[in-house]
Structures are given as structure tokens and as C-alpha cells.
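Peer 1: Use these hints to put chains P, G and S with the ligands onto chain H, whose structure you have.
Residue numbers (numbering that gives the first Met the number 0), protein chains in the order written: chain H, 0 to 337; chain P, 0 to 337; chain G, 0 to 327; chain S, 0 to 327.
Don't read these hints as lab results, they were simulated from the structure. Even for Gly, the Cβ is constructed at its ideal location relative to N, Cα and C. Treat each hint with caution, since some may be false.
Computed from the model, here is a short list of chain G residues facing chain P with C-beta under 7 Å [unchecked claim]: (1) Gly-66; (2) Ile-69; (3) Ala-71; (4) Gly-75; (5) Met-76; (6) Ser-106; (7) Asn-111; (8) Asp-167.
Sample of chain S residues lacking proximity to chain H, with all beta carbon distances greater than 12 Å (derived) [to be verified]: (9) Glu-21; (10) Ala-40; (11) Ser-218; (12) Asn-229; (13) Ala-244; (14) Ala-286; (15) His-303.
Computed footprint of chain S on chain G, listed as stretches where at least three residues anywhere in the stretch have a Cβ under 8 Å from a Cβ of chain S [to be verified]: (16) 83 to 91; (17) 116 to 129; (18) 135 to 148; (19) 215 to 225; (20) 264 to 273; (21) 285 to 291; (22) 295 to 304.
One-letter residues, chain by chain:
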Amino acid sequence: MNQKLHLDRHHLIRQLTQMLRIRRFEEKCAELYAQEKIRGFLHLYIGEEAIAVGVMAKLTPEDNIVATYREHGHALARGLSMNSVLAEMYGKTNGCSRGRGGSMHLFDKQHHFYGGNAIVAGGLPLAVGLAMANKQQHKQNVTACFFGEGAVAEGEFHEAMNLAALWKLPVLFICENNQYAMGTALALSESETNIAKKAQSYGMPAVQVDGMNVVDVESATVKAIEYINTNTSPYFLECQTYRFRGHSSFDGQLYRTKAEVKQWEEKGPVIRLIKWLQQNNHFDDAELQRIESDIDNEISQAIMFAEQGEWESISDLCKGVYTPANHTTSISTLQGEQ
Amino acid sequence: MNQKLHLDRHHLIRQLTQMLRIRRFEEKCAELYAQEKIRGFLHLYIGEEAIAVGVMAKLTPEDNIVATYREHGHALARGLSMNSVLAEMYGKTNGCSRGRGGSMHLFDKQHHFYGGNAIVAGGLPLAVGLAMANKQQHKQNVTACFFGEGAVAEGEFHEAMNLAALWKLPVLFICENNQYAMGTALALSESETNIAKKAQSYGMPAVQVDGMNVVDVESATVKAIEYINTNTSPYFLECQTYRFRGHSSFDGQLYRTKAEVKQWEEKGPVIRLIKWLQQNNHFDDAELQRIESDIDNEISQAIMFAEQGEWESISDLCKGVYTPANHTTSISTLQGEQ
Amino acid sequence: MTSQTLTYREALRASIEQALIEDDKVFLMGEDVGKYGGCYAVSKGLLDTYGAERIIDTPLCESGFVGVGIGAALGGMHPIVEIMTVNFSLLAMDQIINSAATMHHMSGGQLNVPIVIRMACGAGKQLAAQHSHSWENFYAHVPGLKVLSPATQNDARHMLGQALNDPDPVIIFEHVMLLNESGEVLDKPDADMEKALVRRQGQDISLITYGGCLHKALSAAEKLASLNINAEVIDLRCLRPLDTATILASVAKTHRAIIIDEGWMTGSIAGEISAIIMEQGFWFLDAPVKRLCTAEVPIPYPSHLEQAAIPQVETIITSAQAIMAGEQ
Amino acid sequence: MTSQTLTYREALRASIEQALIEDDKVFLMGEDVGKYGGCYAVSKGLLDTYGAERIIDTPLCESGFVGVGIGAALGGMHPIVEIMTVNFSLLAMDQIINSAATMHHMSGGQLNVPIVIRMACGAGKQLAAQHSHSWENFYAHVPGLKVLSPATQNDARHMLGQALNDPDPVIIFEHVMLLNESGEVLDKPDADMEKALVRRQGQDISLITYGGCLHKALSAAEKLASLNINAEVIDLRCLRPLDTATILASVAKTHRAIIIDEGWMTGSIAGEISAIIMEQGFWFLDAPVKRLCTAEVPIPYPSHLEQAAIPQVETIITSAQAIMAGEQ
Ligand SMILES: Cc1ncc(C[n+]2csc(CCOP(=O)(O)OP(=O)(O)O)c2C)c(N)n1
Ligand SMILES: Cc1ncc(C[n+]2csc(CCOP(=O)(O)OP(=O)(O)O)c2C)c(N)n1
Ligand SMILES: [Mg+2]
Ligand SMILES: [Mg+2]
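With the rest of the complex left out, here is chain H:
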């Protein structure tokens, strides 16, 4: 494992806990979806947890995050409460977006979590703009922009990369290369399948990272942020990973073999870190049990919170289309309890 970081046992266990929280939470979400508590699309991050957890560990509270429709893990890793995330997926007013957004549109202004974008590549220009705002206001913060490798073919990727590099804006681009865009393998969508190399063609430093290794992701993030802050310029991480589940709620997965999935599952970020801890850090089953049961409790709490949440009154249907006259961005008036 990468040793560039001074990683104490405590920190590694914290990272494991974060990944497990996401894993168990989403496993439960799949059940809740089957029970029709959660509706719409459900894009699970299972298998990719190391990326969000590795990157978030190195962001400050003032840094911005832009993510996609596959963002439950990012929201939890960023510190949104499991309560507010699950309540959002229930569509209740105590959800992080007051229930208006659902699974694909998690937002939290206090956590600088700018969603939750369901247009592939749509978040990239927004991230570049957030970074521009920081630069113009002389705030030394990074804007972390997560997106899948499928977004690379979109024109908005090209336009955002060029603007970020041309204007030297503090953006950390994180491409979560899970090999497929829905059913389309990378080789069927890019003439050049080395995404980091594509990023370099904009004159931006870019590296490929083992996205199944939380420590590698974290150390790559350290370097990236260092570079961004010293050069106020963008930096690009291509994290190689894999989605263990289907693309969304319904997916026959005709486009890949069970064997391929199994192969990647064995490299899974959670199991891998557990093994490593067990070998090197006197990490015993009892401790793992404690972590798991804490997570179980947190999840049960979240379910109760979501179940107890209120439905928005139909009379308020058209509320929140425009900012209320008073102008104060109306978290108080519109956003639910956390």
C-alpha cells in the first residue's frame, strides 16, 4: 500500500468506517427501493466508495463539491447526515433538499454540497464557475468535481476542461472511471481510453489512480490539492473503479459477465482495507462488529427519521420555484431539519 501518507491506525479505521457506512446504507436503500419506500432512479455507488471517502478526507469545510446522480456516497462522506439523505430519498420535507430532489438531487448549502446533477457532464461547467467565484473573491478553496468516464465524450467536458485550464481555476476534477456508462464500455465511447491522457491534452496535470484503494486516492488528493493551491490551476484524477451493482434500479447487465464483476469484487475497497488492517494493525473481529453495529444503529435511526418526516403539502406545490421576496436564501423557510 502507498506509504506517502502518515496514516495512523485511527485514521484508517475512520476511512473504513466511512466506506462501510456508505456500503451498508446503500444495501439498505436497495431493500427500501424494493419496498417502494424509495422511488424513481436509484444509482448505487457500491464498489466505488474509496473515491469519495479518499477525496473528502482531504477537503476543508469551505471547499465545494459537485457530484452526479450517483452521489449518496459523496453526500455521506462529506458529512451530510444519513437522516437528511435518506429522508430526501423518501421525498420527505426533512430531507436535505426538502424532498423535492430525491436520490439524484442531494444538496446541502452548509456543507458546500452543490448536488446532485442528473445531466451527464452538466456539473462540470458549474464546478468551474464555483472555482471562478472563489478565485474572484480571493478564497483559497478547491472545488471538487466528481463525474463518470461517460461524461468525457460530452462537449461540456471539453468546454469545462479548456476553461478551467485556460483561466487557471482551482478545480479538482475526479473522473470515476467505472468502465461503463450504463451499458457502454469505455472502448465503445472513446477513441482514446486513457482519460488522464485526454485531460493532459488541455495542459492540465492528470494521473491515473487505483480507485479501489482508499489510501491511494487520499494520497493522490493530497498531491492534487497541493498543486492546485500553489499554482491556482486545475488538477485531474482518473480513478479506476467498478460498479458492483447495475447502473440503476433496473438493469439486466447484458453488457458484462458475472465473472468480470466477481473479479472486481475481489479487489473491492472495503474488503481490501479490512484485510490489510487485520494483517497489520491488530484489527480484530470485535472491533469490526462494533463498527458494523454502530452503522446499523445509524441506519435504523435514519429510517425512523425518514418515516417520521412529513410530506410537503400539495398546496405548496409551486413553492420554491423562485426565491422568496425577502431574498435571504430561504433555508429556514424551505429547507428541512437536519
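Peer 2: Then chains P, G and S with the ligands, alone, in the frame of chain H:
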């Protein structure tokens, strides 16, 4: 000068004649614009003639051309009659687009000249599609796509490059890098100013060519077409050139110095070829005079043709929005005499 | 005339398959139409039968592959281009409106663009504010385009073929809530693709609608019948050009109309039809024409809010009753 | 109240300059707004005074820089983003409609997007089918957006400031044929930006219009006066939200209306207004509301065809006369 081609005197003089035709024609167009015979925008190609002339010399009648709003030169070099081009700029029914399009929308189906596109980068996906149609119909033809370096920043550039390379389509991309997009210098619009290098990032062969040297352009085109035909894959030419006139009808040219313009004018494609011929080919002034006076006559003819053209009747205003019921693409019914 | 029962999805697939069989210039291109089988499983299985040359999975680049389809059409092919949903079609709008719709005209009639663009549309699946909209009106506004909205299985089965026979660009909207619905499919289209149809005869009031709202209007009409209100239901079918004659003939008979449209009201197709009736049917009217459209809010995620936002059978019934009772 | 005479262009420039002076969170971003001075010279000179940090020349990438503007607004800035013309805005439509218009709602009211997007629009310069259109209706359709159409120099001078004071995304349409026109500019706006204004009082017929057609309606009204027809002219000013009250008050008085709109008729804003009058003003009407819009053709290049395609003073006059004469 580049010797890779076996260029006989006859051919070089033909190329000079083509460039001069475009030059004199457009000089006249500027006058006619001042006289308000031509209206709308007028984007002159003056200074860039070597590119269209060099490339067109190597295309077959079955090859396709896609150009921009700066396409008078391409139309003439392709073989559209000066009559039909000028009549189009007058807006007369004997114009190549029946007067409906004007300067920015020259079309000629018989010449496989697909316009005349006034949306920057809008022509690139069309060219890729035309190439796809040829490949699917097993026609061994090239689709030549001309565009300015300003188009490179557009998402459609990125999408078209990737699709052409990914699907191995016979497209010849010709970037006319005249250093400016309206008033925006390349360095202000691209983080990577080597356009050929950008093209290579899609896994496509790309070279930089002296766009002020018609022989260089022609020999680069020979190589390109050879490659495209043997590999049925795209090829990219970045032709370095310069626009001697303003961007369009009105342009204060605050963004560049007179000295810079002068410098480039001295490298002009026409004057350069004339000098070279005079030095190497017993090319005397009398011969040049003959060429010039032939062109004068052609231009006078074209003006007469355009002046004598008819205006579309207002009662036919909404004609040509949909294809007439009979389905035969209605050149007979709608398009003017050539 | 043989008849069979198919789902809307099966009918769409059959129409694509027939086109592939009958015309070797036809191919299907779009995101995940091949290996994945289509995001809504419409093209499932076609890749195996027709191969990767004719069932083409594209990268994610709506503007790019729609533009490529337009270019291929200029080059003599007859592409069927699928944009997963209308929500993403905004990314391709420049190519559709500035290229496909203008080429024939700008070229003085020399060129034509025989492309068919299919896209899913509509709310009802709790997909929230970036995946649920009905923007048929954006395209119905544009000269040079034709816009179809098959609301029945038989139209789903035959309109694609009619669109492919048209030399100009045609956009077909497929409402996501119809895909699993079964119905009768004949071996002939109900009518010319540009014709509106009276789906139910009536003389008291005209319910004018299209796409995902047709079955709502029909079931409202059934309930109204039991209330002694005999509603006529018009299925527009083609949103550009509009079959004004059929609309006016109905209003001339009923003297009252409600237009039901899943688009947001402001600037909706419903507004256009109301304006047409104002201009050409004003003197027929015994009551102002009413519009039932989607509330002016981005579609919210929760089911109760989503359903509250879009037109419902109940509102059609109460509105019709109010109009018949002379309440405005 | 001081007054001066400015061209529409000068008024726009003054409004941008005032915003730059008063609020250091304001910046102007767009293609060629700096070194070139703006494609229509609106921002000429501003780069020298305010520098490249606040007058930002962008590469050609409409979706990219509009998205960047939206992100900057989310990040606390107040960007003025210029899209050269509405024709190119189709490339940015996804960012405007799927991001800017939805963010506030999707985030449950947490976020807002205080961006102003300016774009030129309209026909009259013989720029043909890819450079001449009026697509205000596309944006006026969308909840979450506000849409302004300054038709006078004073609105050109003050609407930008009003738009910047609004916490939500506002789109401003600047008609190209107005740029060189001079008129009176006051040191105050004529009214709230969302209010329609009666630009000429009359009791016989309401001429309802906006943007590039206002002066046509006014000169038609002048000529009509000499024919003893006293027309009232309504300048909508704000196309979303629409000031329905002002429209209805006028129709309640005149009982007749013509809507003049440079958009294509099908699905136009004119249609929306006709439908609103149908729904809320039907019983006021002595005659059907008429629409004068652009012919359903991509704008052709030749002047005589371009002018024949768009609304003209003459047609307004003859239409008003016909309506007054009771001819339909
Ligand atoms: C512009 C756009 N096109 C298509 C879609 C439909 N869609 C949703 S997710 C997805 C695949 C994206 O793949 P990738 O970017 O690799 O992210 P992943 O789902 O693998 O995390 C597609 C095609 C969309 N949401 N937006
Ligand atoms: C999508 C789009 N954006 C902006 C414009 C306005 N415009 C016309 S030409 C031009 C500059 C293009 O520069 P370049 O591509 O280098 O071609 P050149 O004019 O130098 O030949 C611009 C910005 C347009 N026509 N289309
Ligand atoms: Mg992926
Ligand atoms: Mg250029």
C-alpha cells in the same frame, strides 16, 4: 518550396489563377457591399486562399465539402460558378441557394458542396455524418470539413473528433487557423494552442501546415487522402494562415496591430506564388495580365448575371420550408439556373 | 385486416424492426440502444439480429450524434436517432433547429434531411426536475420540423414508418408512461401521420389532447357520459403541422373545449390551440376554451407532488362539468 | 428627474457600467465582449476601464461559459453573461433550463442563481436562417426563469439593474434593430421590471406587443388615430412572468386586441396571450383576438422576403381596421 509533388508549371499557374479568382472576386464583393448590392454579413477569405485552393485540387467530384460562413473561396475553388455565387450574395433566384441563404449559406448539391454553415463548429458533426453515409454505402469518398480555430473550443468539435476517430470515418478535417476568432486571439481561447496536438489527443494523425503556401497545403492533402483511403480513418490538417481583412463587414480591428497585418501580408499566398513562378518558370507580366483580365471578365459577367437575376416573388415566401410532395429533391422547382 | 395486442414498447420495437427490414438505408443510432437494449428496453434484441452496423451505440454526446445523423441523412441514409429523453435533447437543439430544420430552405430546396429523431418524454416515474419534462412545444414551434406524438399502440406501431417516408426531419415523442400499456395493433395506420383523429364521438364538449394525456381524456369522457355529458375526444397525433380543420370541426359541433396538455401552461401547445380556436372558431363558442396543463414548477420528486403537478382525470371531469354548468 | 437622449446601445452600456461600479460581485463575460468591444459594440471601451478580471472574453463555448456563469452565481457572484445572439443560445439551453432554472427548486430552496444572461435577438439585418430568430418564447416557457424584453431606451438603461437585484436567473433580450435608435433616458426605471406598461392610451383596440415590434405598434397607432381608430398600445416588457392584469384591464376597456410578436406564430408568446384573454377576458371581447407574427419560414436572406416574413406597420393598420369594421 515543398518538392514532394510533381508540380508542372501548368498546374501551378492553374492554382495561382484559382487564388487570384477568389482574391479579385472578394475585393469586388467588398465594393459591392459598400454599394449595398450585397447585404448581411460578409466574411472575406482574403489571405487564406491557399487553403481552399490547395485542398480542393486533390478532391474528386464525388467527395463532400462542408464549410463555414467564410466560404466564398471554397465555393469557387470547388467549381461553383462565380455567377451562381455572386447571384446568391445578391439574394437573387439564380443564386446557388436560390437567394435564400446569402453569403453565409452557399450550397450546391451537384458539387457535393454542403454549405455554408453559420454556427461555429456546427458543420463538424454534419461532416462526420456525411462520411458515415459514404462508409455505410461503401463509397470511397472523403468528406472535407473546413472550420476556423475558434471552433476548437466548442463542444461540438470535441464530440465530432471523437466520433470520427472512434468510428474510423473518412473525414478530412481542415482547421483554418487564422490566429483570431473575431477579436479573440488563439491564446485567449485555448489552454493548448497547438491545434494539431489537440487533434492527436483523439488518436487521429494531425499535422501543422503552412497555410500561406498552396503547394504545402496540396502536398499535405495528398498524404492525408492517401491515409484516409488506406485506413478509412480521419486525418487532421491545421493550416496556419491569417485573415488580411476584418472579421466581417464591420470590424474596428482593435485587437491587432497594423504591423502584424502587414507582416502576414508579406507572406501572402498569392504574391508568394507569383514571385516563385517569376523566379523559376519564366512567368512574365504579360501572362499575369492575361490571367487578371480573364478574371476581370469573369467578374463582370457574374455581376451582369446577378443584376439580371430575379427576386423571389413574395407570394412564394414560405416555399422551400418542406420538401414538395413529389419527394424528388426539388432542384428543378426551387433552385436557380447555374 | 389482422389485429394483435401489443404493448406500446413492443409496437415501437416492431416499427423499428420493420423499417430495418424494408430499407437498408435505415439504421438506429443512440445511447445504449444496442448492448443495453435501450434505456427503456425499446430496442432490446435488435443488436443481435441486425448487427452493430445498423444498431449503433453512441458515446454520450447528444449534439454530436444527432448532428451525425443529420449529416448521414444529407448523405442519403435514413437514420433513426434516439435521444434517451427530451430532457437531454436540449444539448442537441442547435443541430435540430439550426441545421436539420433549416437545410432544405437555406439550400434553396436542393437538400433535404430525411432523419427521424425519437425521444422519450413525460412525467410519472418520479424522476424529478431534470428527467420528467414535456417539451414537445419547443419543436412544434419550428418551421422545417414535423412533430409526432403517438398516443396509441397502433400509432406507436405505424408512425415511425410514416415518418421515415417523409423527406423532412420528423421528431417522435414517446411518453414513458405508455410503454407498458397494451392495446390493439392493426396492420395499417389509423390515418395519415399529419391527421388528428376523433377518438371518441360526442357533442357536448371537445377534449383536445395528445400523447400521455389521451387515455386520461378518454377515461374522463367515460365518467362524464355517466353524468350525461357527452364529450368528444380529439387526439392531435401530429403537433406540427397541426390539423386545424379537425379541431375546428369538433368545436363547431360542441361549442366548448378543454385542452389537456402535459406541458407547462405558459407557452404550451394548449395555448396555441386555444389561440387557433379564438381566431377561427370564436363564433362557435358558447364558453371560453379552457386549458389543463402542468403546474409551473419543475417536476418535484415525491409522487403526490408530481401527480398534483400534471393533468388528472378528476380535474378534466370537474372542469367539463363547470363549463357545462356555465360556471366561469 | 434628469433626462438625456441616448441610443439603445449607449443605454445598455451605461446600465452595465453602473452595475460594475456599484457591485464588485458583478462581472461581464461572453464572446468578444472585451478586446473586440462586443459583436454589436455594446461593451465597447469597458475592458480598458474595468480590466480583464471583470470584462471577460470567453472562448467559443456557449454551454461552457453559461454554465460557468451559473456556477459563479452559485458561488456568490452576480455575473452578466452575454450570448452573442439567441440563435447560439440553443447551445447553452441545457445549462439555462436544466441547471439555472431548476437549482433553487431541486435544492429545496437552499440555493439561488443570481445570474443575468443577455442576448441579442430579432430579424432585419439580412442575416438569414441561422442568425435572425426570436426565441423569447423558449425561455418564457420555463418556470424558474424570468424573461425581460426592453423595447425602449429607458428600459435598456434600467432593466439590467433590476435584473441583477433579482436573486433568480433573468434573461434579457436586446433586439438588434433597436441598437442604433435614440430616445429619452431618465434616471429611474419606468416601473417594476415585471410590469407591463400602457405606452399609448386608447379605447378602441389593444395592440399588445414587446421588444422590436413596439415601435411598429406605436406608429401604427398614430396612423390609426388619423383614421379615427384610437388604439391602446401595451408593452409587455416582461415575458415571464406575464403581467396578466394589465393585459386584461386593457381588453376590458377596448374589447378588441391584436398581438404583435416577431416569433413564428405556432407556439408563440402571442398565442399564450390570446389563450389568457380567452380564459380570463372572453366575455369582454367584441371580436376574436388576432395575432400578427412572423411567417412560418426560417428567415430568408433577401430583404424583401425578410420584411415580408416579419410583422409590419401596414398589416397592423389593416388588421385593426378590419376588426373595427367587424370583418372576420
Ligand atoms: C446528457 C445526458 N445524457 C444521457 C443521460 C442518461 N444517463 C444517465 S447516467 C448515464 C451513464 C453515465 O455514465 P458515467 O458518466 O460513466 O457515470 P456512471 O453512471 O458510470 O457513474 C446516462 C447515459 C443523462 N442523464 N444525461
Ligand atoms: C455557435 C456560435 N457562436 C458564435 C458565433 C458568432 N461568430 C461568428 S464567426 C465567429 C468567430 C469564429 O472564428 P473562427 O472559428 O476562428 O473562424 P474565422 O472567422 O476566424 O474564420 C463568431 C464568434 C457563431 N456564429 N456561432
Ligand atoms: Mg461510468
Ligand atoms: Mg479564426
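Peer 1: Determine for every hint whether it applies to the structure shown.
Peer 2: Evaluation of the provided hints:
Among the interface hints, the one on G:Gly-66 holds; its C-beta lies about 2 Å from the nearest C-beta in chain P, closer than the 7 Å criterion. Among the interface hints, the one on G:Ile-69 holds; its C-beta lies about 6 Å from the nearest C-beta in chain P, closer than the 7 Å criterion. For G:Ala-71, the interface hint holds, since its Cβ comes within 7 Å of a Cβ in chain P; the closest pair sits about 4 Å apart. Interface hint status for G:Gly-75: upheld, as the beta-carbon distance to the closest one in chain P is roughly 5 Å, under 7 Å.
For G:Met-76, the interface hint holds, since its Cβ comes within 7 Å of a Cβ in chain P; the closest pair sits about 5 Å apart. Because the beta carbon of G:Ser-106 sits about 4 Å from the nearest beta carbon in chain P, less than 7 Å, this interface hint is met. With 7 Å as the threshold, the beta carbon of G:Asn-111 comes within range of chain P, its nearest partner Cβ sitting at about 5 Å, so the hint holds. Below 7 Å, beta-carbon pairs count as interface contacts, and G:Asp-167 has one with chain P at about 5 Å; its hint therefore holds.
The claim that S:Glu-21 is not at the interface with chain H holds, since no C-beta of that chain comes within 12 Å of its own (minimum 16 Å). Against the 12 Å criterion, S:Ala-40 stays outside the reach of chain H, whose nearest CB is about 25 Å from its own CB. The Cβ of S:Ser-218 sits about 36 Å from the closest Cβ of chain H, beyond the 12 Å cut-off, so the non-interface label holds. Annotated as non-interface, S:Asn-229 keeps its C-beta farther than 12 Å from every C-beta of chain H; the closest such distance is 38 Å.
With a cut of 12 Å on Cβ distances, S:Ala-244 stays outside the contact zone with chain H, its closest approach being about 18 Å. Every C-beta of chain H lies more than 12 Å from that of S:Ala-286, the closest at about 34 Å, which supports listing it as non-interface. For S:His-303, the shortest C-beta to C-beta distance to chain H comes to about 38 Å, beyond the 12 Å cut-off, and the non-interface label holds. Here the region 83 to 91 of chain G counts 4 residues with a CB under 8 Å from a CB of chain S, which clears the bar of 3, and the coverage holds.
Proximity of the region 116 to 129 of chain G to chain S, defined as three or more residues with a beta carbon under 8 Å from a beta carbon of that chain, is established by the 3 residues found. Counting residues of the region 135 to 148 of chain G whose C-beta lies closer than 8 Å to any C-beta of chain S gives 7; at least three are required, and the coverage claim holds. For the region 215 to 225 of chain G, the stated coverage by chain S is violated: 0 residues have a C-beta nearer than 8 Å to a C-beta of that chain, whereas at least 3 were required. Using a Cβ-Cβ cut-off of 8 Å, 8 residues of the region 264 to 273 of chain G lie near chain S, which meets the minimum of three, so the contact claim holds.
Closer than 8 Å: that is the beta-carbon criterion, and the region 285 to 291 of chain G has 5 residues meeting it against chain S, so the requirement of 3 holds. Under a criterion of three residues with beta carbons nearer than 8 Å to beta carbons of chain S, the stated coverage of the region 295 to 304 of chain G is upheld, 4 such residues being counted.
Checked against the numbered hints given earlier, the structure breaks only hint 19 and satisfies all the rest.
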